Every structure is written in C-alpha cells, then in structure tokens.
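Colleague: In the order they appear, the protein sequences are chains A and B.
Residues in the first sequence are numbered from 90 upward in steps of one, following our numbering.
Residues in the second sequence are numbered from 30 upward in steps of one, following our numbering.
FYI, nobody ran anything at the bench for these hints, they're computed from the structure.
Okay, derived cross-link-like pairs now, DSS-like style, lysine-lysine, Cα gap no bigger than 30 Å in a straight line:
(1) K133(B) x K146(A)
(2) K133(B) x K70(B)
(3) K86(B) x K131(A)
(4) K85(B) x K66(B)
(5) K133(B) x K167(A)
(6) K131(A) x K96(B)
(7) K97(B) x K131(A)
(8) K136(B) x K32(B)
If you're wondering where the values come from, they're calculated on a predicted model, not measured in any experiment.
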Amino acid sequence: EPEVTQTPSHQVTQMGQEVILRCVPISNHLYFYWYRQILGQKVEFLVSFYNNEISEKSEIFDDQFSVERPDGSNFTLKIRSTKLEDSAMYFCASGGLAGYEQYFGPGTRLTVT
Amino acid sequence: EDKVVQSPLSLVVHEGDTVTLNCSYEVTNFRSLLWYKQEKKAPTFLFMLTSSGIEKKSGRLSSILDKKELFSILNITATQTGDSAVYLCVRRAQGGSEKLVFGKGTKLTVNP
Chain A
90 EPEVTQTPSH
100 QVTQMGQEVI
110 LRCVPISNHL
120 YFYWYRQILG
130 QKVEFLVSFY
140 NNEISEKSEI
150 FDDQFSVERP
160 DGSNFTLKIR
170 STKLEDSAMY
180 FCASGGLAGY
190 EQYFGPGTRL
200 TVT
Chain B
30 EDKVVQSPLS
40 LVVHEGDTVT
50 LNCSYEVTNF
60 RSLLWYKQEK
70 KAPTFLFMLT
80 SSGIEKKSGR
90 LSSILDKKEL
100 FSILNITATQ
110 TGDSAVYLCV
120 RRAQGGSEKL
130 VFGKGTKLTV
140 NP
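Assemble the whole structure, with the sequences as input and the hints as a guide.
Modeller: Pasting the structure below:
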C-alpha cells in the first residue's frame, strides 16, 4: 500500500542552524502539507501546497520557513535559522483530491539545542 | 471560531468495555469531520464524515456526525489493548487549502 515517507526520523541541530526536512508524498497525490506537534500539544497546521505553490500558511509559518517540491516527488520543509521553540515532531501529509482524507508520514522529530 | 473540542481528554477502561469519545466543533463553513488514531507517531485515518446521521463503521469502530448540534462521536465496542492510542477529531473547512484543524485528542488506555 502506498505511504508517505519522511527523512530523517530524528534530527538534532543547534540553535541558528538551517535544517531541511524531507518528505516523499504518495505518488499520485496533488495536495501536500506540513504539520507540527510540540510534545504534549495538539497537531498544528503549518502550510499547504498545491499546483506548485503555497495555498495557505499559518501564523507559525513565518519567514524562517519555506517549502519546495524540487523534483516532482520530494516535498521539503526548510527552517532557515532554528530556534529552541521549533523543537517538535514535523509531519508531512498528502491528499489525492480536494475533500478527501490526508495521509500522514511517520514524522521527523526535530530537536533544537 | 476555529475550534475542535474533545472529551474526555483521557480514558482508562478494561478490555471488552465499550467507549464513546466525543467531539464538538465550531465552524461556519464546515466541510467534513475526520477521526484519526495516533499511536506512537503518525496519525492514521479512521473515518471521514460529511453528512449528518449516517453512521460510518469499520469493525468494532463506528462514528456519526450531527451537523445541527455540531458534534461527532466515535464508538469502540469490545475494546482491546491494541485500541490504546490517542484519538484525534479533526475538522476541515470548505474551500481554501483543505487544511485540517485538530482537537487535542482523547488518550484511551485499554488495560487487560
């Protein structure tokens, strides 16, 4: 069964460093998302991506964040200068059609020290 | 307001018990409500509800939506230890990006 994959599973970085989180969505899906979950808190929407552009972003998704779909299969989230409060589990999700369910990847745990 | 409220936040039962998890939501441009199960990592999809009064069922799990009263319930009958997880109620608004708005979840623990 097709699934969303994410790499790495765990990333440790120092404050101020840039990180790139990678996702491979399900191949025929059109909608792509990043969510994050700070330990003990609820899952929060970061950004959605459709037709090669951002369709919506949350207040969390400030200028330090960017997304890219560089080659038609990967979907990346870049954080330019990480802060301690960026420590969280980052989930990538993809969806096939508007109005249908989203499938989540296993997540990347980002730890900023 | 864009809010999804789940209750209870935590529930401990014994194997074989039946549980009902509750979810209420506040949104003016509702499109659908989804239930996900989160064990150790990624949320996994359970149900999507768009119409009131129509029960969705999968094995021992079932769910129903009341769009007039703005709530949904998730029932699990004959619980097993493998049902232990956080159950997430999620709503999606009409139009726009299809983003999902999550509740805090109900942590279900099923003891043998």
